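Colleague: Take the given structure of chain A and dock chain B with the ligand to it, following the hints.
Line order of the protein sequences matches chains A and B. Using numbering that gives the first Met the number 0, read the first sequence as starting at 0 and increasing by one per residue. Using numbering that gives the first Met the number 0, read the second sequence as starting at 0 and increasing by one per residue.
Treat the hints as calculated values from the structure; they're not laboratory data. One or more hints might be untrue.
Computed, partial: chain B to chain A, Cβ under 8 Å [stated by the list, open to error]:
| hint | residue |
| --- | --- |
| 1 | Leu-25 |
| 2 | Leu-56 |
| 3 | Ala-146 |
| 4 | Thr-147 |
| 5 | Ala-150 |
| 6 | Thr-155 |
| 7 | Gly-198 |
| 8 | Arg-229 |
| 9 | Leu-298 |
| 10 | Ala-316 |
| 11 | Arg-318 |
| 12 | Asp-340 |
| 13 | Gly-410 |
| 14 | Phe-430 |
| 15 | Arg-433 |
Every value quoted in this text rests on a predicted model; they were computed, and no experiment measured them. Every residue gets a Cβ at the ideal spot worked out from N, C-alpha and C, and that includes glycine.
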Amino acid sequence: MTPFTRHEGTAVGLPFENVDTDQIIPARFMATPRSEGYGRFLLHDLRHDEAGAARPDFPLNRADAAGASVLVARRNFGGGSSREAAVYALVDAGIRAVLAPSFGDIFCGNAVANGLLPARLDPDAIEALLAMAPCPVVVDLDATTVEAGGRRFGFEIDPVFRVKLSNGWDDIDLTASWGERIAAFTAERRARAPWLWRT
Amino acid sequence: MTTPRTLLDKVWAAHEIAVRDDGTSLLFIDRHFVHEGSHHAFRKLAERGMSLAEPGLTFGVADHYVPTRGRGAPIADASIARMVRTLDENAARHGFRLYGLDDSRQGIVHVVGPEQGLTLPGTTIVCGDSHTSTHGALGAIAFGIGATEVAHVLATQTIWQKKPARMRIVVDGRLGPGVGAKDVALAWIGELGADGARGHAIEYAGSVVRDLSVEGRLTLCNLSIEGGGRLGMVAPDGTTLAWLAGRPEAPTGSAFDRACEEWLALASDPDAAFDRDITLSADAIAPIVTWGTSPEDALPITARIPDPSLADDPARAERIRAALDYMGLAPGRPLEGTPVDRVFIGSCTNSRIEDLRAAAAVLAGRRAKVPGMVSPGSSLVKVQAEEEGLDRIFVEAGLDWVASGCSMCVGMNGDIVAPGERCASTTNRNFRGRQGPGARTHLMSPAMVAAAAVAGTLADVRPMLDGRPVP
Ligand code: SF4
Numbered sequence: 000m001t002p003f004t005r006h007e008g009t010a011v012g013l014p015f016e017n018v019d020t021d022q023i024i025p026a027r028f029m030a031t032p033r034s035e036g037y038g039r040f041l042l043h044d045l046r047h048d049e050a051g052a053a054r055p056d057f058p059l060n061r062a063d064a065a066g067a068s069v070l071v072a073r074r075n076f077g078g079g080s081s082r083e084a085a086v087y088a089l090v091d092a093g094i095r096a097v098l099a100p101s102f103g104d105i106f107c108g109n110a111v112a113n114g115l116l117p118a119r120l121d122p123d124a125i126e127a128l129l130a131m132a133p134c135p136v137v138v139d140l141d142a143t144t145v146e147a148g149g150r151r152f153g154f155e156i157d158p159v160f161r162v163k164l165s166n167g168w169d170d171i172d173l174t175a176s177w178g179e180r181i182a183a184f185t186a187e188r189r190a191r192a193p194w195l196w197r198t
Numbered sequence: 000m001t002t003p004r005t006l007l008d009k010v011w012a013a014h015e016i017a018v019r020d021d022g023t024s025l026l027f028i029d030r031h032f033v034h035e036g037s038h039h040a041f042r043k044l045a046e047r048g049m050s051l052a053e054p055g056l057t058f059g060v061a062d063h064y065v066p067t068r069g070r071g072a073p074i075a076d077a078s079i080a081r082m083v084r085t086l087d088e089n090a091a092r093h094g095f096r097l098y099g100l101d102d103s104r105q106g107i108v109h110v111v112g113p114e115q116g117l118t119l120p121g122t123t124i125v126c127g128d129s130h131t132s133t134h135g136a137l138g139a140i141a142f143g144i145g146a147t148e149v150a151h152v153l154a155t156q157t158i159w160q161k162k163p164a165r166m167r168i169v170v171d172g173r174l175g176p177g178v179g180a181k182d183v184a185l186a187w188i189g190e191l192g193a194d195g196a197r198g199h200a201i202e203y204a205g206s207v208v209r210d211l212s213v214e215g216r217l218t219l220c221n222l223s224i225e226g227g228g229r230l231g232m233v234a235p236d237g238t239t240l241a242w243l244a245g246r247p248e249a250p251t252g253s254a255f256d257r258a259c260e261e262w263l264a265l266a267s268d269p270d271a272a273f274d275r276d277i278t279l280s281a282d283a284i285a286p287i288v289t290w291g292t293s294p295e296d297a298l299p300i301t302a303r304i305p306d307p308s309l310a311d312d313p314a315r316a317e318r319i320r321a322a323l324d325y326m327g328l329a330p331g332r333p334l335e336g337t338p339v340d341r342v343f344i345g346s347c348t349n350s351r352i353e354d355l356r357a358a359a360a361v362l363a364g365r366r367a368k369v370p371g372m373v374s375p376g377s378s379l380v381k382v383q384a385e386e387e388g389l390d391r392i393f394v395e396a397g398l399d400w401v402a403s404g405c406s407m408c409v410g411m412n413g414d415i416v417a418p419g420e421r422c423a424s425t426t427n428r429n430f431r432g433r434q435g436p437g438a439r440t441h442l443m444s445p446a447m448v449a450a451a452a453v454a455g456t457l458a459d460v461r462p463m464l465d466g467r468p469v470p
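Same shape as in the complex, but just chain A:
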């Protein structure tokens, strides 16, 4: 996983509340192998009309948002389904950070596991950024700040997520070092509740 420390890029505004994971990636695309890339599925049904043509007025489709790597949205971004494919769609489309007043819990965990920063900002800060976007931004994880248009906004992120993102850690590797404790616990659990194990 690519560590996240500081990122400079273009922010694009998605001025909606409750952008759920079904909108981030509609279910019908999820049988696709990841190796084919998920970027083209990002917000598919919002970005395209019924005939499949790109809606020119949709923020992500605008010429001045080309190459955007930071998304600014209103409250409860990524609520709903646990589909990590929503994060794959964002990451494969080149998004490195999402700024919003709140996020779905499962989405946050999925994002961090894939090196995508979910940064919580004040609703007022989000409105200010939405008014500026598309615009250049600097997202600094160490300082937990976002800079845009000569202004600086603080953001919040769970300290555990922050460390994980900045180190690019992978949990399976980390957990390997707890192997003995896990084995001992498993043996104890098995002795107490053998009926849990089924074959």
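Modeller: Frame of chain A, contents of chain B with the ligand only:
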């Protein structure tokens, strides 16, 4: 004296292998459910050349992509067939039990787990599906995870988690006729918002919850995620134990008796502290329907469609306007009487036997004015419903009686609502496009969907009950 503890505290502590300096716990997982959608995680495992840590605690269920018609014949759609086959192959390769497409116990994972007695009080349960919160109805810590975490659990049978804050939702009073667990859930989500319980584990309590059947509790816990909750739980009690006794995978004999003693002791201590306490009066809850594109857009059927020009802030006005535009609704009109194009009864929220009975009670001797589908929560629920003659009631009313799966809840198997069509649905998400591109979903209880079928519009089920026993 020891500090009083909540249900969450007790089950959490019993599974905590270690706590890291940053406060994250390493939890042991008793039950890991996987489905066709778990293919990303198996892929990750294969890339690392790893095998399953505990095949005996891993259970596969085919539900998300399975066809609900023409079962037994080969699956026509190649990519859907591949999804189902990949799960079969992973089960065979890794040696875990599979409730596959042709298994007589197949169904939706969150229905099958409890039904088989795999879901037990005091256990930890995860699945790569957000409605895993359902299983908490039996007193388990159960939550949905993403693919990276699924791979981690497959490889280690553990998960790193920060303990959620504790929230209690107490529902006191009495539910009126035609009002059930779905209405209670939509009532609190409507009040607190789709992110109202973010970061929290919810314990449902109060006289209404105590009086609810296990089926009703499963519905309540299922919808925890729609209010942003990490998980939902109900303390095990006599109702729980009676429901579990004799289930195929539950412990038996003296092991069951011993387990029951431990399970009853899991209830929150009387003085245990919660980080947040919410109280609802059941007397005030009417049958609820959603009008917009988030489960928080929930109102009593007697209400009017919200008017954005009356909203208190511009962002909210904008969201109402966008939702009404998508839903094709006019502000200020009564919800009741809004024409629907079809109905759907199914999903892990409301497809258990009681749900089917509630819908059938309203439909018996009546005709549906619109087409619709009934997909039971499991193949065993289907058999039971047929034994009770419920299938005939649905068919005589003009609805299709189909096989079990996620079906029109998410449309992955091709069961979708056509663009622009309005569907009265017992499912859990009215998100844009959830039931198919351009589909307009109104969430409600099974009895209310039945009422909508009979009226051909959003309708109040209460006048239709006229003495009918609603289970
Ligand atoms: S029925 Fe719907 S919500 Fe439930 S597991 Fe299936 S897709 Fe998810």
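Colleague: Please go over all the hints and tell whether each is borne out by the structure.
Modeller: How the hints compare with the structure:
no., hint, result
1, Leu-25, "6 Å, holds"
2, Leu-56, "6 Å, holds"
3, Ala-146, "4 Å, holds"
4, Thr-147, "4 Å, holds"
5, Ala-150, "7 Å, holds"
6, Thr-155, "5 Å, holds"
7, Gly-198, "6 Å, holds"
8, Arg-229, "5 Å, holds"
9, Leu-298, "17 Å, violated"
10, Ala-316, "11 Å, violated"
11, Arg-318, "5 Å, holds"
12, Asp-340, "17 Å, violated"
13, Gly-410, "6 Å, holds"
14, Phe-430, "4 Å, holds"
15, Arg-433, "5 Å, holds"
The structure fails hints 9, 10, 12 (numbered hints given earlier, in ascending order).
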